[in-house]
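Fit chain L to the known structure of chain Z by using the hints.
Going down the list, the sequences are from chains Z and L. Numbered per the numbering used here, the first sequence spans residues 1 to 418. Numbered per the numbering used here, the second sequence spans residues 1 to 418.
Treat the hints with care, as some may be off.
A few chain L residues that face chain Z, going by a derived Cβ cut-off under 7 angstroms, partial list only [what the hints assert, rightly or not]:
| id | residue |
| --- | --- |
| 1 | 26 |
| 2 | 27 |
| 3 | 41 |
Residues from chain Z that keep clear of chain L, each with C-beta distances beyond 10 angstroms, as calculated [unchecked claim]:
| id | residue |
| --- | --- |
| 4 | 25 |
| 5 | 154 |
| 6 | 162 |
| 7 | 171 |
| 8 | 172 |
| 9 | 197 |
| 10 | 223 |
| 11 | 252 |
| 12 | 255 |
| 13 | 271 |
| 14 | 297 |
| 15 | 314 |
| 16 | 323 |
| 17 | 325 |
| 18 | 409 |
Source of the hints: derived by calculation from the structure; they are not laboratory data. Virtual Cβ for every residue (Gly too), placed ideally from N, Cα, C.
2 protein chains.
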Amino acid sequence: MNAYIISIGDELLIGQTTNTNAVFIGEKLSEININIIKIVTVADDESSIMDEFKLGIEKSDLVMVTGGLGPTHDDVTRTCVVKFFDTELVENEEVLENIKMLFSKRNRELTEVNRAQALVPIISEPIKNTHGTAPGMWIEKNNKLFIVMPGVPYEMKAMMNNFILPKLSEMLKESGIAIKRSILQTTGIAESTLSERLGDLDKILDGAKLAFLPSIVGVKLRITVEAEDEEKAKNKLVEIEQKIRTKVGRFIYGTDEETLEEVVGRLLIERDMKISTAESCTGGLIASTLTNISGSSAYFERGIVCYSNASKVEILRVDEDTIAEHGAVSMEVAMQMADGVKSTSGSDIGIAVTGIMGPTGASTDKPVGLVYIGYCDEKVCTGKKFIFGNERLLNKQRTMQAALNMVRKQLLGISLDE
Amino acid sequence: MNAYIISIGDELLIGQTTNTNAVFIGEKLSEININIIKIVTVADDESSIMDEFKLGIEKSDLVMVTGGLGPTHDDVTRTCVVKFFDTELVENEEVLENIKMLFSKRNRELTEVNRAQALVPIISEPIKNTHGTAPGMWIEKNNKLFIVMPGVPYEMKAMMNNFILPKLSEMLKESGIAIKRSILQTTGIAESTLSERLGDLDKILDGAKLAFLPSIVGVKLRITVEAEDEEKAKNKLVEIEQKIRTKVGRFIYGTDEETLEEVVGRLLIERDMKISTAESCTGGLIASTLTNISGSSAYFERGIVCYSNASKVEILRVDEDTIAEHGAVSMEVAMQMADGVKSTSGSDIGIAVTGIMGPTGASTDKPVGLVYIGYCDEKVCTGKKFIFGNERLLNKQRTMQAALNMVRKQLLGISLDE
Numbered sequence: 001m002n003a004y005i006i007s008i009g010d011e012l013l014i015g016q017t018t019n020t021n022a023v024f025i026g027e028k029l030s031e032i033n034i035n036i037i038k039i040v041t042v043a044d045d046e047s048s049i050m051d052e053f054k055l056g057i058e059k060s061d062l063v064m065v066t067g068g069l070g071p072t073h074d075d076v077t078r079t080c081v082v083k084f085f086d087t088e089l090v091e092n093e094e095v096l097e098n099i100k101m102l103f104s105k106r107n108r109e110l111t112e113v114n115r116a117q118a119l120v121p122i123i124s125e126p127i128k129n130t131h132g133t134a135p136g137m138w139i140e141k142n143n144k145l146f147i148v149m150p151g152v153p154y155e156m157k158a159m160m161n162n163f164i165l166p167k168l169s170e171m172l173k174e175s176g177i178a179i180k181r182s183i184l185q186t187t188g189i190a191e192s193t194l195s196e197r198l199g200d201l202d203k204i205l206d207g208a209k210l211a212f213l214p215s216i217v218g219v220k221l222r223i224t225v226e227a228e229d230e231e232k233a234k235n236k237l238v239e240i241e242q243k244i245r246t247k248v249g250r251f252i253y254g255t256d257e258e259t260l261e262e263v264v265g266r267l268l269i270e271r272d273m274k275i276s277t278a279e280s281c282t283g284g285l286i287a288s289t290l291t292n293i294s295g296s297s298a299y300f301e302r303g304i305v306c307y308s309n310a311s312k313v314e315i316l317r318v319d320e321d322t323i324a325e326h327g328a329v330s331m332e333v334a335m336q337m338a339d340g341v342k343s344t345s346g347s348d349i350g351i352a353v354t355g356i357m358g359p360t361g362a363s364t365d366k367p368v369g370l371v372y373i374g375y376c377d378e379k380v381c382t383g384k385k386f387i388f389g390n391e392r393l394l395n396k397q398r399t400m401q402a403a404l405n406m407v408r409k410q411l412l413g414i415s416l417d418e
Numbered sequence: 001m002n003a004y005i006i007s008i009g010d011e012l013l014i015g016q017t018t019n020t021n022a023v024f025i026g027e028k029l030s031e032i033n034i035n036i037i038k039i040v041t042v043a044d045d046e047s048s049i050m051d052e053f054k055l056g057i058e059k060s061d062l063v064m065v066t067g068g069l070g071p072t073h074d075d076v077t078r079t080c081v082v083k084f085f086d087t088e089l090v091e092n093e094e095v096l097e098n099i100k101m102l103f104s105k106r107n108r109e110l111t112e113v114n115r116a117q118a119l120v121p122i123i124s125e126p127i128k129n130t131h132g133t134a135p136g137m138w139i140e141k142n143n144k145l146f147i148v149m150p151g152v153p154y155e156m157k158a159m160m161n162n163f164i165l166p167k168l169s170e171m172l173k174e175s176g177i178a179i180k181r182s183i184l185q186t187t188g189i190a191e192s193t194l195s196e197r198l199g200d201l202d203k204i205l206d207g208a209k210l211a212f213l214p215s216i217v218g219v220k221l222r223i224t225v226e227a228e229d230e231e232k233a234k235n236k237l238v239e240i241e242q243k244i245r246t247k248v249g250r251f252i253y254g255t256d257e258e259t260l261e262e263v264v265g266r267l268l269i270e271r272d273m274k275i276s277t278a279e280s281c282t283g284g285l286i287a288s289t290l291t292n293i294s295g296s297s298a299y300f301e302r303g304i305v306c307y308s309n310a311s312k313v314e315i316l317r318v319d320e321d322t323i324a325e326h327g328a329v330s331m332e333v334a335m336q337m338a339d340g341v342k343s344t345s346g347s348d349i350g351i352a353v354t355g356i357m358g359p360t361g362a363s364t365d366k367p368v369g370l371v372y373i374g375y376c377d378e379k380v381c382t383g384k385k386f387i388f389g390n391e392r393l394l395n396k397q398r399t400m401q402a403a404l405n406m407v408r409k410q411l412l413g414i415s416l417d418e
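The shape of chain Z in the complex, shown without the other chains (with noise of 0.2 angstroms):
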């Protein structure tokens, strides 16, 4: 099946927002086997829209359409779709209801321009939009496959998740050839001392494809496994992974989309133990992704943001001559950090971070990208430098890892210089 993607929206031609919804769409199609012939960005307008849904049609199975369904004057995406179909609108129950029921749980009154929203093409079976009021549009005709959706990143993935993709994987069931993918997650190494430590990659896959996926907080390995049948392939992808986490284990920290946060609160709950931090540079980043989690808070219990140094004196109990003498961004205070957060909070655990995001702050001997992470647990307090890069808000999402991974490690048993 060959898929052609159109992305509408002249924020999108001028550079002004990254088409990340082809990203997605790309991916998401390629991991079920369709193949994506042509990624396709106008503008807003009529005729060049109608010209793009004409080669589409033509020269793929599936067309794939975000953009442009918004309920204001510039958007034009649906009358196209009438236009394009030789069709018509017509008020749509329940996609009426759902407007309805967004606008009366947001306790705002419906407008006309909203109520508009619920006209559907006739010729389509409307998607429904769990985020907003925009519906999405599937269509079949003459053997091809015709999908509307809003350009509103997380409207789309919400209907391609829960609608689109398995609706798609269900038809293309029966095609033959068995694909399976899977991601290691790896944090705390580098992508070049990951190729390395692998070693030679033609033996460990044998036939199989890797490929190395970096990111700001660590690199992804994804497999990719072709076989006869979904066996077969989930065995060798099986094979592959344990000659991988061989060589390269304690570096991986989940499979798949799963989150460093979500490794340390599984953990946390399995030893029934409570956590709290103490965050001075990251300002809260670190308290905020754990909280990411639903049910984070059966054990998660404070986090102290301690800015100025007052705060860390009154709340903390940090000693106010080891600030003087070290410095706030010292191994000595981010140890202070941990120690005092755990036992006023009552928690099992204190994770503490003390740095310098930059781009200003830093010192001759205390240069931007500076860190220090404390952890105190009932039988140890340790702690461990970082040096990081320039940019502040890498740096913080680098802490963030950084104090997540120590957190995970000293729950296996894994060393820190490791």
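What follows is chain L alone, placed relative to chain Z:
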């Protein structure tokens, strides 16, 4: 002048690489008033590329191509250029010198495949690659301009900045039309309500363009104005901005790429005020967002992530009976949290949030998405109830934005009911 951007590369289709090249080129061409009509991504495949070259030349004055110029077998862009323009390759001495120089600099021996990169189509003016071996191509034919660049972002950018953009600007100087753009950032108002409050857009715009760009945290209004010269365009832009501000000014927190956290930070600095945060449901996101701004230690004192009831009582002095009577998610607790963090930290402002982010934690009278935000300063203690959606992470974002917006409104004396 109309431009057509063609990006070549399998990795862009399967979602492995985000097409940031097109973003860069789109932005840079827009800045010099070149109108991008389409961005297309195709595979490293001869027939797809040839089709696109044909369409590009037909539909536009300027075709910009990136990618597929590498030395390996899967790079076919140059071959396509030769076929498309029915021309032939010839070794270019300057290009060969550049390649030799790069190799000697890296202490590597020149291979045959790399030497072959010095072959350029006779019809083209080669563009020097200061960071790699593949030259770019500048081709003028039948009043059309056809430019080819490597896909490696820093190689492409250097060619754009050093050669292509200056040359294009020179060519465009005599053309005569000036375009100006600006963005007004709104929050706390839905796209449809914004549209209704603005009313008849034609009256406001008088030929200019207005785009509504919604995101999780607000709607951006992008105004685009065209006039005979820079001065006139600028004046017209200012005029339209003022008309929009008259109608929805209270919802506009900033212009262009300004964020709410920057605006709040600036207002606090101007007033020489300090803020502290008390967060339950957002788990530290408000503090983390405020401290994303370099220099925020000037106005951010501390943040308390009081996830447990114990932490609310111990650190923020919230009354245990109030929690027992009204629940932790209540207006009463939100206000006590705000007051508590203000007074215990000695800050001028305390802002506090408590809510149910979901998917779990709801009860009959307290649904997922329910949030109370409390605000206290020297003069007032106030609060507001919100009901957001079902998605935990989006709810965190929306709560954060609403809290910062409440601080902004209080500092500017704007009513919270508006």
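Results for each hint:
no. : hint : in the structure
1   : 26   : 4 angstroms, holds
2   : 27   : 3 angstroms, holds
3   : 41   : 4 angstroms, holds
4   : 25   : 7 angstroms, violated
5   : 154  : 6 angstroms, violated
6   : 162  : 12 angstroms, holds
7   : 171  : 20 angstroms, holds
8   : 172  : 16 angstroms, holds
9   : 197  : 23 angstroms, holds
10  : 223  : 14 angstroms, holds
11  : 252  : 21 angstroms, holds
12  : 255  : 19 angstroms, holds
13  : 271  : 18 angstroms, holds
14  : 297  : 6 angstroms, violated
15  : 314  : 8 angstroms, violated
16  : 323  : 14 angstroms, holds
17  : 325  : 21 angstroms, holds
18  : 409  : 23 angstroms, holds
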